[in-house]
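Engineer: Keeping their order, the protein sequence lines are chains A and B. Numbering of the first sequence is given in my numbering, commencing with residue 242 and proceeding in unit increments. Numbering of the second sequence is given in my numbering, commencing with residue 242 and proceeding in unit increments.
I should point out that these hints are in silico values taken from the structure, not numbers from a laboratory. Computed from a prediction, not measured in an experiment: that's the story for all the values here. Fair warning: there could be bad hints in the mix.
Since the list can't tell identical chains apart, any single copy or any two copies may satisfy a pair.
Stated by the list, open to error - Simulated pairs of lysine-lysine, BS3-like, Cα-Cα distance not exceeding 30 Å:
id : residue 1 : residue 2
1  : K244      : K561
2  : K298      : K557
3  : K561      : K331
4  : K331      : K557
5  : K557      : K632
Protein chains: 2
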Amino acid sequence: MAKVAIMGHGVVGSGVAHILRSNASLIARHAGEPVELTRILDLRDFADLPYADLFTKDSADVVDNPQIDIVVECMGGVEPAATFIERALKNHKHVVTSNKELVVVRGTRLTAIAQENGVNFMYEASVGGGIPIIRPLRQCLAANHIQRIAGILNGTTNYILTRMRDGGVDFDVALAEAQKLGYAEKDPSADVLGWDARRKICILSHVAFGAPLDDSKIPSEGIDKLTRADMLYAKELGRAVKLLAVSQRVEAGYYAYVGPAMIPAGHPLSVVDDVFNAVFVTADMLGDAMFYGRGAGKLPTASAICGDVVDVVWHKNGVKAAEAYQDQADALDAGTAVTRLFVRVKGEENGPEEQLVQKQLGDVRIVRLLRFPDEFAFITGEEPFDALQKKIDALAGQLEIRQRLRYDF
Amino acid sequence: MAKVAIMGHGVVGSGVAHILRSNASLIARHAGEPVELTRILDLRDFADLPYADLFTKDSADVVDNPQIDIVVECMGGVEPAATFIERALKNHKHVVTSNKELVVVRGTRLTAIAQENGVNFMYEASVGGGIPIIRPLRQCLAANHIQRIAGILNGTTNYILTRMRDGGVDFDVALAEAQKLGYAEKDPSADVLGWDARRKICILSHVAFGAPLDDSKIPSEGIDKLTRADMLYAKELGRAVKLLAVSQRVEAGYYAYVGPAMIPAGHPLSVVDDVFNAVFVTADMLGDAMFYGRGAGKLPTASAICGDVVDVVWHKNGVKAAEAYQDQADALDAGTAVTRLFVRVKGEENGPEEQLVQKQLGDVRIVRLLRFPDEFAFITGEEPFDALQKKIDALAGQLEIRQRLRYDF
Numbered sequence: 242m243a244k245v246a247i248m249g250h251g252v253v254g255s256g257v258a259h260i261l262r263s264n265a266s267l268i269a270r271h272a273g274e275p276v277e278l279t280r281i282l283d284l285r286d287f288a289d290l291p292y293a294d295l296f297t298k299d300s301a302d303v304v305d306n307p308q309i310d311i312v313v314e315c316m317g318g319v320e321p322a323a324t325f326i327e328r329a330l331k332n333h334k335h336v337v338t339s340n341k342e343l344v345v346v347r348g349t350r351l352t353a354i355a356q357e358n359g360v361n362f363m364y365e366a367s368v369g370g371g372i373p374i375i376r377p378l379r380q381c382l383a384a385n386h387i388q389r390i391a392g393i394l395n396g397t398t399n400y401i402l403t404r405m406r407d408g409g410v411d412f413d414v415a416l417a418e419a420q421k422l423g424y425a426e427k428d429p430s431a432d433v434l435g436w437d438a439r440r441k442i443c444i445l446s447h448v449a450f451g452a453p454l455d456d457s458k459i460p461s462e463g464i465d466k467l468t469r470a471d472m473l474y475a476k477e478l479g480r481a482v483k484l485l486a487v488s489q490r491v492e493a494g495y496y497a498y499v500g501p502a503m504i505p506a507g508h509p510l511s512v513v514d515d516v517f518n519a520v521f522v523t524a525d526m527l528g529d530a531m532f533y534g535r536g537a538g539k540l541p542t543a544s545a546i547c548g549d550v551v552d553v554v555w556h557k558n559g560v561k562a563a564e565a566y567q568d569q570a571d572a573l574d575a576g577t578a579v580t581r582l583f584v585r586v587k588g589e590e591n592g593p594e595e596q597l598v599q600k601q602l603g604d605v606r607i608v609r610l611l612r613f614p615d616e617f618a619f620i621t622g623e624e625p626f627d628a629l630q631k632k633i634d635a636l637a638g639q640l641e642i643r644q645r646l647r648y649d650f
Numbered sequence: 242m243a244k245v246a247i248m249g250h251g252v253v254g255s256g257v258a259h260i261l262r263s264n265a266s267l268i269a270r271h272a273g274e275p276v277e278l279t280r281i282l283d284l285r286d287f288a289d290l291p292y293a294d295l296f297t298k299d300s301a302d303v304v305d306n307p308q309i310d311i312v313v314e315c316m317g318g319v320e321p322a323a324t325f326i327e328r329a330l331k332n333h334k335h336v337v338t339s340n341k342e343l344v345v346v347r348g349t350r351l352t353a354i355a356q357e358n359g360v361n362f363m364y365e366a367s368v369g370g371g372i373p374i375i376r377p378l379r380q381c382l383a384a385n386h387i388q389r390i391a392g393i394l395n396g397t398t399n400y401i402l403t404r405m406r407d408g409g410v411d412f413d414v415a416l417a418e419a420q421k422l423g424y425a426e427k428d429p430s431a432d433v434l435g436w437d438a439r440r441k442i443c444i445l446s447h448v449a450f451g452a453p454l455d456d457s458k459i460p461s462e463g464i465d466k467l468t469r470a471d472m473l474y475a476k477e478l479g480r481a482v483k484l485l486a487v488s489q490r491v492e493a494g495y496y497a498y499v500g501p502a503m504i505p506a507g508h509p510l511s512v513v514d515d516v517f518n519a520v521f522v523t524a525d526m527l528g529d530a531m532f533y534g535r536g537a538g539k540l541p542t543a544s545a546i547c548g549d550v551v552d553v554v555w556h557k558n559g560v561k562a563a564e565a566y567q568d569q570a571d572a573l574d575a576g577t578a579v580t581r582l583f584v585r586v587k588g589e590e591n592g593p594e595e596q597l598v599q600k601q602l603g604d605v606r607i608v609r610l611l612r613f614p615d616e617f618a619f620i621t622g623e624e625p626f627d628a629l630q631k632k633i634d635a636l637a638g639q640l641e642i643r644q645r646l647r648y649d650f
């Protein structure tokens with residue numbers, strides 16, 4: 242019998258309670274022993290629940306309770322979650338979390354404390370919601386040098402982009418729809434500006450490359466500047482606009498960035514629509530692989546947590562395996578990564594702007610859409626991002642730049 | 242230090258040797274200790290290899306060798322592989338295999354012997370080549386009731402179908418191309434008739450539903466009867482023709498089948514092209530997920546084997562976890578599964594054949610392509626497969642049926 246406590250009975254925490262209770266016999270069969278939900282820490286009252294007797298408002302009932310074997314943290318935020326987890330680990334309890342902010346800010350420290358105390362600290366659910374990605378990277382690809390990870394890691398923005406494309410609506414309209422459906426927060430900044438995806442690619446970079454958990458080094462652009470017009474150009478170019486989080490290993494280290502990019506139709510990432518997420522992985526032996534599924538939501542996220550719980554039960558008498566990467570890939574300037582850019586500028590057909598663009602950027606591909614007679618778009622050649630950006634900046638003094646996003650990734 | 246022996250130095254076995262040697266320091270870091278290739282069993286001579294001194298022609302040097310901890314079986318076929326593996330397990334060696342025929346025919350027995358002897362028997366590489374699928378199903382989805390698995394599990398047929406669609410060529414031409422490129426065997430029966438996919442869906446049904454390892458109960462149709470015309474109709478209908486291996490859990494048990502089906506464009510499986518494979522999984526808590534990658538080939542398959550080897554090293558002092566499903570889902574008649582069929586029949590526009598079809602099959606959707614004036618296609622309503630097939634059989638006495646394949650899956 243393994244005894245589990247949940248800290249935080251919000252969306253995800255209540256999902257974990259639901260799965261542990263409703264799939265209890267299945268979980269016991271897989272875990273090899275019953276897994277019992279024993280305690281729930283939450284400051285709110287849930288008197289009407291059938292398991293109301295499990296609730297406590299005192300963290301000591303969880304983290305200092307000798308009866309608890311496994312603590313599932315679903316509180317969100319860094320504190321007091323980190324303090325509670327640290328205490329639980331030091332009391333030799335295994336900890337499973339879905340809290341990506343916590344993993345980014347305290348993951349290294351908490352992992353070390355877990356290992357010192359002979360227990361496991363797992364966070365599969367912190368990236369990609371229900372999609373198995375951390376365990377496949379660590380275990381199934383254990384014999385591979387991972388070369389690149391390119392993910393659609395934020396369901397809110399992916400829903401908005403899908404609606405902009407399929408519904409022909411602008412960003413604001415699609416965002417309002419997403420908010421109405423509960424896919425976007427009232428303050429959607431963390432999603433639409435790319436910060437959520439940045440945390441997740443930070444965690445994946447750590448798992449894949451041993452990169453430090455420091456998301457502040459990862460440049461990110463959001464989707465808030467994208468328009469219906471960009472979607473129409475993308476369609477004309479046979480591409481799909483997606484908010485990508487990319488992390489690439491090169492010899493000297495790795496570089497990572499988050500930003501919108503145009504993905505060729507036919508690439509598996511191009512059909513990842515609505516709130517779905519996917520992680521496209523390239524590795525030296527395996528080649529290309531993709532992991533696709535629900536990147537958020539109560540039950541998918543709780544499903545990933547419960548997978549970790551079963552793994553912890555299998556390894557409850559010790560540390561399953563040390564963190565994979567003791568070596569640490571250095572963060573490189575993502576501006577050095579070679580790419581192509583898609584740029585829209587004001588300028589009529591055969592006007593001086595086309596000549597100016599071609600003079601300053603060389604042999605670019607120019608695209609015009611009939612419905613936008615006062616502008617055109619161009620695709621640059623391949624160059625380091627910063628060099629291209631410098632050229633675009635120089636151009637900006639001479640003509641009106643309406644959009645600029647990555648064409649390749 | 243963990244010592245590994247490989248049985249069979251063919252395509253996959255030599256790939257395992259390559260990875261263990263070239264990624265040795267990475268593997269040691271992940272495994273927590275060095276993993277040394279110690280012995281290779283093969284009846285052929287490989288005198289020119291830098292590791293020629295590891296070869297032996299005597300199976301006892303591997304299966305009875307007290308120095309070997311882990312045996313990797315890449316011989317193929319049931320015997321003598323099964324006898325060697327059984328002996329290795331009884332000598333308390335862990336065994337990893339990519340041999341799907343062996344797993345189907347002897348998997349239950351070998352798993353039991355492994356557990357009796359306190360060692361692990363792993364076969365991630367037997368399905369989907371390098372794609373992580375068995376471990377994600379067993380571990381990451383451990384808290385889910387898996388509801389359906391739909392896979393593109395054979396790279397040879399997927400390459401042929403992609404070429405038929407993109408190149409506008411017929412089956413025979415695409416097959417010859419695949420043979421020239423080494424994607425298809427000289428005798429391609431096992432691939433094109435669906436037997437290879439049938440073995441793989443049999444293994445996945447076992448992992449997901451506890452279904453018995455008996456592929457003879459799974460009806461399979463191949464792709465050898467498909468034509469260029471079918472591809473053109475699929476395009477007109479906004480669908481892609483794929484050879485699907487499906488296994489669905491229902492209350493009374495499960496049903497499985499292998500056969501070509503038309504997948505809607507936009508479904509993630511529809512962009513799985515060329516030799517790539519993918520497994521689309523639906524589970525009660527996670528919802529939909531997909532695992533995509535290289536389903537065959539030397540290094541991808543060896544990558545999956547080496548992932549198992551690292552897992553075995555983590556658990557070398559015992560059995561990692563008992564086989565997940567002790568309960569066994571019964572095989573049901575796949576003919577009871579509700580579907581729609583795509584059927585092509587001879588008959589000119591507004592001819593008596595259209596009336597006959599509508600009289601006997603009800604309100605079907607009729608599709609005509611200009612380039613085939615002497616025929617039309619129709620999509621049936623939803624009914625159990627056997628009931629639909631019966632109606633098509635009855636029709637066959639009155640008009641010429643040119644094609645019949647699943648429209649839904």
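Engineer: Each hint needs a verdict: does it hold in this structure or not?
Structural biologist: Hint check results:
1. K244 to K561: both (18 Å within a copy, 20 Å between copies)
2. K298 to K557: within (26 Å within a copy, 42 Å between copies)
3. K561 to K331: both (17 Å within a copy, 26 Å between copies)
4. K331 to K557: Classified as both; 15 Å inside a copy, 27 Å across copies.
5. K557 to K632: Neither, since 57 Å and 57 Å both go past 30 Å.
Figure legend: structure checked against the earlier numbered hints; the only hint not met is number 5.
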